[in-house]
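Spelled out, the chains give:
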Amino acid sequence: MENNNKADVLNQGVIIFVFLAVLTALEFFVAIEIGAIVLLIIMAIVKVGLVIYYYMHITRLNEDSGDDKHSLKYKTATNRLGLWLFLLSDSFVFGGLLVSRFYLLSLTRPPLNQTLGLIVTSVLLLSSFFMNRAESSMEYGDRKGFTASIIITLILGIGFIAGVLGVEWPSALAEGITPSSNTAGAIFFMMTGMHALHVLTGLIFLSVVLRNGRRGLYSAEKHWAVEAAAVYWHFVDVVWIFFYPALYLIGKLI
Amino acid sequence: MQHKLLWRGVALIGGLAIVSGILFFSIKPSFHGAVINPPIPAAEINLTDFNGSPFTLSSLRGKVVILYFGYTNCPDECPLTMAHLKLAMDILGDKSKFVKVVMVTTDPARDTAESMKNFLGKFNSNFIGLVGTRDELIKVWKDYGVTVEDGGETHSYFVYMIDQAGNFRETFLPDSLPVDMAADARLLLGE
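In order, the protein sequence lines correspond to chains A and B.
Each step along the first sequence adds one to the number in the working numbering, with nothing skipped, and position 241 is 241.
Each step along the second sequence adds one to the number in the working numbering, with nothing skipped, and position 18 is 18.
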């Protein structure tokens, strides 16, 4: 899908975010009022599909990189493939944790606050919206838009960490749920911890990209680091799109 | 370009919303155990409770009865099941006063009224334990299809749920979730 002007691209980002937001709200309703697990899985898959196609631009992997191995286009294509392969390998870690969660806890879920889960999820989804906006801005050479959006992404990312590490973890520990108290505690801390670690490294990545961006290192023609940071950040969001229902929505308490 | 995306998205999400709506308005609460359909009257039980008084199952009409067969020297299954039933009672909260948990011994040689009271008291002081002569117990075991071997140490371990009218409604395996057993008791109470 080729978009030819900046306004269209930015608008598309908004539309996708609205879809994601509506799906998240619907997901919450279905989990609380109906408990239909298949429906929750379908919605998670749709959300992931939206992020992978529209925010992570997975189809760019298919672009012709040309024959000149020294061209920027070729090198970017190689870098892109390398990044996606790395993310594929990282997926195995998260995939393993996800499978473990269902193997250990089956269709019961840890006693977590569902409202808090919804709040941190919304923060992370919003951060993906702004990350996409930052990348799209840079694609059109809009450095101001890029800078503003990256800063907001960073703030929201810090907000997510504050929510999980600052509120969720202490409240779990206060209730006696620790990494070694029982299987629910173990899998909860392992999943959220591993994910939070990726968010933290993502924040470092974003900070570097912000600094370099303000130094004028990126342009519309050359900004691989921005695309890489975006793809990595959206990947972290995709993981959470699966982890969030797995921890907060699917299964019965106890 | 934008419009195609917009409409497809609205259609997809709208579809999911419609499915959710249909499910929301059409799902009826259902039982979680193995349901006996149609319900059959639960056989009368004539034994002695752990206070020494004669006990009949029919005296509990008007309450949901949860019946379990086990022995107090059990190292695993019986305490586990009793713990689950205790949790189920906690979940029921106020409604638990309309539910009675009754345990019948499978080990008359060793279980006395006192040992039953001690054992059950560890879980919930409202649980009732029943003892009796071997012949009286054999009749109850037979009526409820309970196999008892090895001096009572090997026994069928179903949890039986009987409704307020004295009808046998469903059985649960001991690893059933307390939330599920509580939900079913609530369903029966609402009938």
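These aren't lab readings, by the way, just hints derived from the structure by calculation.
Quick reminder that beta carbons are idealized off the backbone N, C-alpha and C, glycines included.
Treat the hints with care, as some may be off.
What the hints assert, rightly or not - With a Cα cut of at most 35 Å, we get these calculated DSBU-like pairs of lysine-lysine:
1. A/LYS222 <-> A/LYS144
2. B/LYS86 <-> A/LYS6
3. A/LYS252 <-> B/LYS86
Claimed, not checked - Examples of chain B residues toward chain A, derived with CB under 10 Å:
4. GLN2
5. LEU6
6. ILE13
7. LEU16
8. ILE27
9. LEU173
10. PRO174
11. LEU177
12. VAL179
13. ASP180
Said to hold, decoys possible - The calculated label-pair distances, taken between Cβ atoms and stated as ranges, are:
14. B/GLU153 <-> A/VAL38: 26 to 32 Å
15. A/LEU116 <-> B/GLY14: 49 to 55 Å
16. B/GLU153 <-> A/THR108: 39 to 45 Å
17. A/LYS252 <-> B/LEU189: 16 to 22 Å
18. A/VAL38 <-> B/LYS4: 24 to 30 Å
19. B/GLY14 <-> A/GLN114: 50 to 56 Å
key: Closest C-beta approach of B/LEU6 to chain A relative to 10 Å, hint status   = holds, 6 Å
task = Have a go at the B/ILE27 hint: is there a Cβ in chain A nearer than 10 Å to its own Cβ?
result = Where the cut-off is 10 Å and the nearest Cβ of chain A is about 7 Å from B/ILE27, the hint holds.
query = CB of A/VAL38 to CB of B/LYS4, is that within 24 to 30 Å?
reply = holds, 28 Å
Residue hint B/LEU173, partner chain A, criterion CB-CB below 10 Å = violated, 14 Å
task = Starting from the range 16 to 22 Å, see whether the pair A/LYS252 and B/LEU189 falls in it by beta-carbon distance.
result = Distance hint for A/LYS252, B/LEU189 holds at roughly 20 Å.
query = Do B/GLU153 and A/THR108 keep their Cβ atoms within the hinted range of 39 to 45 Å?
reply = violated, 30 Å
query = Given the proposed pairing of A/LYS222 with A/LYS144, does the C-alpha separation stay at or below 35 Å?
reply = Since the Cα atoms of A/LYS222 and A/LYS144 sit roughly 16 Å apart, the hinted pair holds (cutoff 35 Å).
request  = Would you mind confirming whether the straight-line C-alpha gap from B/LYS86 to A/LYS6 stays at or under 35 Å?
outcome  = Roughly 63 Å between the alpha carbons, so the hint for B/LYS86 and A/LYS6 is violated.
query = Taking the least C-beta to C-beta distance, is B/VAL179 closer than 10 Å to chain A?
reply = holds, 5 Å
task = May I ask you to test the interface hint for B/PRO174 with respect to chain A, counting a Cβ-Cβ separation under 10 Å as satisfied?
result = Interface hint status for B/PRO174: violated (15 Å vs cutoff 10 Å).
B/GLU153 paired with A/VAL38, Cβ distance criterion 26 to 32 Å = violated, 42 Å
ask   = So the hint says 50 to 56 Å: do the beta-carbon atoms of B/GLY14 and A/GLN114 match that?
value = Violated, since B/GLY14 and A/GLN114 (Cβ atoms, about 25 Å apart) do not stay within the stated range.
Hint violations for this structure: numbers 2, 9, 10, 14, 15, 16 and 19, all remaining hints satisfied.
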